[in-house]
Amino acid sequence: MYQRYDAVIVGAGGAGLMAALNLSAQARVAVVSKLYPVRSHTGAAQGGIGAALGNLEEDHWEWHMFDTVKGGDYLADQDAVEILCREAIETVYELEHWGLPFSRTPEGKIAQRPFGGHTRDYGKAPVRRSCYAADRTGHMILQTLYQQCIKNEVHFYDEFHLLDLLIENGRTAGVVAMSLATGELYTFHAKAVLFATGGCGRIYRVSSNALALTGDGMAVALRRGIPLEDMEFFQFHPTGIYKLGILLSEAARGEGGILRNKDGERFMERYAPSLLDLAPRDMVSRAIYRELEEGRGIGGKDYVHLDLRQLGREVLDTKLPDITDFVRTYMGIEPATELIPIQPTAHYAMGGIPTDVEGRVVVDEKNTPLPGFYAAGECACVSVHGANRLGTNSLVDILVFGRRGARHAAKFVRENDWAPLPAKADERAQQLVAERMGAQGDEHQGTIRDLLRDEMMAKASVFRDASRLALMREKLRETRARYSEIKLEDRGARYNTELLELIELGGMIDIAETLVEGALARQESRGAHSREDFPKRNDAQWLKHSLAYKTPEGIQLRYKPVTITKFEPKERKY
Amino acid sequence: MKVTLKIKRFNPEKDEKPWWAEYTVEAEPTDRLLDALNAIKWYQDGTLSFRRSCMHGVCGSDAMLINGSNALACKVLLKNLGENIKVEPMRGFRVARDLMVDLEPFFDKYKQVKPYFITHSVTPEKERQQSPAERERFDDTTKCILCGACTTSCPSFWANPEYIGPAAIVNAHRFVFDSRDEGREERLEILNHRDGVWRCRTIFNCVEACPRGINVTRAIGEVKKALMFRKL
Ligand SMILES: Cc1cc2nc3c(=O)[nH]c(=O)nc-3n(C[C@H](O)[C@H](O)[C@H](O)COP(=O)(O)OP(=O)(O)OC[C@H]3O[C@@H](n4cnc5c(N)ncnc54)[C@H](O)[C@@H]3O)c2cc1C
Ligand code: SF4
Ligand code: FES
Chain A
1 MYQRYDAVIV GAGGAGLMAA LNLSAQARVA VVSKLYPVRS HTGAAQGGIG
51 AALGNLEEDH WEWHMFDTVK GGDYLADQDA VEILCREAIE TVYELEHWGL
101 PFSRTPEGKI AQRPFGGHTR DYGKAPVRRS CYAADRTGHM ILQTLYQQCI
151 KNEVHFYDEF HLLDLLIENG RTAGVVAMSL ATGELYTFHA KAVLFATGGC
201 GRIYRVSSNA LALTGDGMAV ALRRGIPLED MEFFQFHPTG IYKLGILLSE
251 AARGEGGILR NKDGERFMER YAPSLLDLAP RDMVSRAIYR ELEEGRGIGG
301 KDYVHLDLRQ LGREVLDTKL PDITDFVRTY MGIEPATELI PIQPTAHYAM
351 GGIPTDVEGR VVVDEKNTPL PGFYAAGECA CVSVHGANRL GTNSLVDILV
401 FGRRGARHAA KFVRENDWAP LPAKADERAQ QLVAERMGAQ GDEHQGTIRD
451 LLRDEMMAKA SVFRDASRLA LMREKLRETR ARYSEIKLED RGARYNTELL
501 ELIELGGMID IAETLVEGAL ARQESRGAHS REDFPKRNDA QWLKHSLAYK
551 TPEGIQLRYK PVTITKFEPK ERKY
Chain B
1 MKVTLKIKRF NPEKDEKPWW AEYTVEAEPT DRLLDALNAI KWYQDGTLSF
51 RRSCMHGVCG SDAMLINGSN ALACKVLLKN LGENIKVEPM RGFRVARDLM
101 VDLEPFFDKY KQVKPYFITH SVTPEKERQQ SPAERERFDD TTKCILCGAC
151 TTSCPSFWAN PEYIGPAAIV NAHRFVFDSR DEGREERLEI LNHRDGVWRC
201 RTIFNCVEAC PRGINVTRAI GEVKKALMFR KL
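Chains A and B are the protein sequences, given in the same order. Note that the working numbering gives residue 484 to position 484 of the first sequence, counting from 1, and the numbers run on in steps of one. Note that the working numbering gives residue 3 to position 3 of the second sequence, counting from 1, and the numbers run on in steps of one.
Looking at chain B on its own, in the form it has when it is part of the complex (with noise of 0.2 Å):
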């Protein structure tokens, strides 16, 4: 099949604003919006840039904005995609060029919640003990690959940048309902900041957005839900 990608191209070094490059590529229709990216840069265009590594969606490299929505090129096949692709950076971070953005602010959030784990207790000889029930009670936002798709497609942090983000709190989570952690008290702290989880207006679009399927609303309420009875 043939399809048309209009893509949205910016080089700071040398254009004054964003334009829209189209190409036309033979693909099949099984093959992944990154594939037919790497044929646009190898074969047609070496300029066009964009981040990539995994090409099976585990990595996080590669989140975009596309046809409207954010999800990682390599997991999105070109069926589900129509014969007209628009592809545009991810929303809210400066654009370092055509497709990649500046994630620096991203990591500068994602350090904020203490995303380590923290003990204070005595190290056993072997391992700590956990169940599987307790081991299951933060499985989904172990999952998170840092790839920036909720966060960037989150109308709270387009209003306002300061907002710490579904990214941090999915990290947070993952440390606040680990059985074995000793941290919670200063990370609940941290995200109860004006900035923090309360900026969440639940509009479910980092759900939407998740590569993998981490309820990131559900995580965010749990988290807001801590800190309410810890307040009590």
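One chain only, chain A, in its complex shape (with noise of 0.2 Å):
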């Protein structure tokens, strides 16, 4: 099937709908998507979005920007942060006008909470910067900007799959999709592309991440030549349901929960002594795997508690009641009485397509655009989560960023023609897809996924080192050979799952190799990285973002600047 548009774009949850809005009143759009846009996990983001609107407290974008780089211990790009702390503010009321329901305070303003890492006057205490729906903030934000497309009349494809990007002669040409309901190829024709099909944290064991974020976009750009940037810094979120890895939202935190030890230890009194609970993320995440190798955990297991007594049912109930209860559903646990039992989850992906300020994904160290092609949200990396990213900014991101890549976009395909398809546009995606269809080993695809996702648990994950990522480099040996040998046993067109998750587990390989790869190389430990054999952040040296490629001799990688305006990298203490 031959479609033609002025413009695609691939995702429909909070960076690709509001790349949908802000691009189809100018031009002919479709949104392609495997999911149904309201099944997109944004729907599940609960805590938050970060913008100083300074509702209850003073507040400025200059301090939400400090934070924001010393939170990603100073590998964020801080023109680009710059741009998202100033333009958070006008993003969150401009929600507020297309109706999202956000939580108030007494005076009918939009209601605001502390959250891990943002301060007050550059570090001094926290200060109440997310703006939040109860737990539910992402929930809402996903509904509301459906409801405006459904408003606007966005053309959708549901339930289409990815499968290729389109590059002719240096410009980008379209995408090649599958329909779920028939299996047919779909190629979508366009003048420009907007990738945004989030994050990758499934290839981890334990993680709050949907089963459909499988880093599709990600891998299916990797795999056309395009590097992935800064993909060595995955970020682990504390506080995890014990073994199911569901989040419970640092919102918990911020409204006053405590997490403990064995001793019932407040913990993070040793660690990160001024923010304590609301220390960053990475190092609360690093803090409980302290606990647990020093014997601290609970009952001799890997997982101590998350305390929120304190809070009281009412508060359990009306600002928190959806993790409330998810702990009651999956936990049988009553958390105002109870304590509940976390371990870190891996929860979001700092690196990916590496883009400029307005979306444009750029392709090498000069930063050199490619035409046409454009990535925003979680699979992107623009970067403004540097090497750990805060709490409430993957929203703000993707809004901000959804919105940039859309205007420029929007430019782009006025002054643009289409660029000439190739003869057989889909022959790539075709093959792709004969080649997973003739899969005729004998092992499951569920052991192969185990494989991967245990190992990476086990060797990639908050700490690393270099013995040990060596080994999980052997392991995604292993992965690849035995991936060719699974069997696969849907042979039908309609609605062929099985075939699509395959695929989508051949991407996770490719992923995962570039963030092992990238994790061995960089010798230093900063934000998320954490690198037991070289404990300390080198700046000399590794100030700077990793690139890395896929080449037939594996993957290269190569390292361009860090853009430093405002603020001078300095220790990172809490």
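Treat each hint with caution, since some may be false.
As the list claims (entries may be wrong) - Subject to a maximum C-alpha distance of 30 Å in a straight line, what follows is the list of computed DSS-like cross-link-like pairs (lysine-lysine):
1. Lys224(B) <-> Lys111(B)
2. Lys319(A) <-> Lys114(B)
3. Lys124(A) <-> Lys151(A)
4. Lys6(B) <-> Lys243(A)
5. Lys79(B) <-> Lys151(A)
6. Lys79(B) <-> Lys243(A)
To be verified - Computed far set for chain A versus chain B, every beta-carbon distance over 12 Å:
7. Asn22
8. Gly225
9. Glu255
10. Leu292
11. Gly299
12. His305
13. Ala493
14. Gly506
15. Gln523
16. Tyr549
17. Phe567
I should point out that these hints are in silico values taken from the structure, not numbers from a laboratory. Beta carbons: idealized from backbone N, C-alpha and C, even for Gly.
Put the two chains together into one complex; each comes in its own frame, and the hints tell you how they fit.
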């Protein structure tokens, strides 16, 4: 099937829908998404969206900017962070103007709460900056954006799975996607393509991410010669429900929740004396791992407790109703009276497809754009989060840069014609499908997926070192070899979810490889990348972004400088 | 523990009519039904088809008929289902394949109620004001994840597929009772239609089915009341 549009947006989470709203009035746009838009994982975001509205106390975007730069261990590009924090404010108002039902202050303003790493006056004390709708902020954002898309008659291709990006003579020409319902391949011929395909947290065993977060967009770009930036930085959120990984938002600690070890001790006092439980996530996750290592896990197991008892039933039911429900449903625990077993859970990819502040994908150290190709949201790396993202900053990122990407793309499609399509545009996608359909081995898909996720958890998660990472490199070789031995049972065309899961798994192996290679090479500890054999940050050598390219000889790494404008790197203490 | 799942299967590409498949899975009592379905798909039978994503009851992908009532597979634990579990697709929509139904008519009904914020007044520079009490007024219906469990558990909908259904009414309610919204009249007009809110016979299946704990019947009742007062 052949379709022609000015622009195609792939992904219908917060980033994709925001882009659609900003682009569809000016151009013919299709939004292609493997999930129905309202199923996207933006809907799972809980705690809030950060913006220095100052509704409850003094606040400034400069403070927000400082916190973001420091939280990211000085790896973020500060020109981009400045845009993020300035535009956060108008973005939150825009959401409200579209009807988003924020929680309210007694005076009727948008309510705000404290969040990890967000401070007043350059680090003095926690500040209330996270704008929220109970613990359903992401749900409200996703619903509100989708509602506006209905109003504006945005054209959706729901349950269409991206398989390939088309590049012709150095220009973007479109994408190829498979219709889940029919199994047909669609070639979308477009002047501009914007990827908003979300994260890849399912490469780890314990994860807060949806099953659909398999990093497809990143993998498709990587295979087309586009590098992935800063993939070694992967955030583990401190408070996932034990074993399940379901997230219990930082808002729980923002509202007064406390982490305790087996002795009931508030151990964060030892690790971050001023911000305590509201220190940034990388630090809290490491603190938990240390407690476990030193034998202070609960009952000798690998978890600690989150204590929400002091919040009381009223606060739990009104301000944190969903996570209270998760704890009751999945653990059979009453958070008003009982302690909750938690462990760090794979949460967020700081890295992704490199872009500039206009959302344009840039493909080398010199930031050369690939004309017509844009990316935004978790699949992209601007980079505003540096080596460690602060809570509430992803929701800002997806909206601010979803919009900026769309605005630039609008201009691009006005000024440019379609790049000609190659003769057999969908040939590569067809080949991929044919190969997978022909998978005749005898291994179950689940076995290989488990292998990948368990090994990544054990060897490339919160703490890393050269020997474990090298072992992981070997494991990835094994995973790749066994991947081709998987058997595919479903040979049908319609609703072949088994085939698509198999393709996703192939992409996850590629992504894991960029992560492991980047982590092996980076001989320092910065933000979420913590090398036990190189425990210090090393600005002289490593204050730079990595770019991982997929080549026939394996992953090749290159590096590019960090943009520093207002804040010189300093030691990071809280 | 060992559980046996009887799953209603149908692949229009090759089956003439639906059939029952039986699987036995080794699982923990605290596992979700969705974990068991995944275990089947990943280790026993890759052809079993269902939708899923978030795994914790917030994305609305996996509403299905479980032991005779609608629920999300990721929100029911095996220990509450017994050792023999019967799983079928939701009723009332065409089965696309196995546990997946065709959702297009569902979303079409949703779109009919103008499920978006409507205002004509001037937009302020900052936020519109809304008191916590005004915000609370429509809180319940903001929680909807469009899973379809309510609509497909409703006998009025089974009897009359033209009925707009509880999910669409819930989403209209979310705006009708929002103090900031100015599209109340347009929406109420739509719901006043023959296949609108009056088809509801207050059977309460929807309330039972809703995984978000929304009091769907109450919301429908409030919309009916708003219509009656409007007429006076
Ligand atoms: C549990 C949880 C809580 C969080 N809470 C917060 C919070 O409080 N504050 C905050 O700032 N951040 C939070 N985050 C992070 C934040 O929610 C995400 O980073 C953000 O929502 C990502 O948005 P996105 O638009 O980039 O991607 P997503 O919302 O994940 O959307 C991805 C889209 O891409 C589509 N897609 C993917 N692959 C394909 C393919 N192959 N073909 C076609 N389409 C495809 C999907 O269908 C989907 O529509 C949270 C994350 C989690 C997991
Ligand atoms: S009201 Fe409840 S059952 Fe109905 S669609 Fe919404 S969430 Fe699902
Ligand atoms: S998988 Fe998302 S609601 Fe069940």
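- Query: Are there hints from earlier that the structure breaks, and if so, what are their numbers?
  - Reply: 3, 5 and 13
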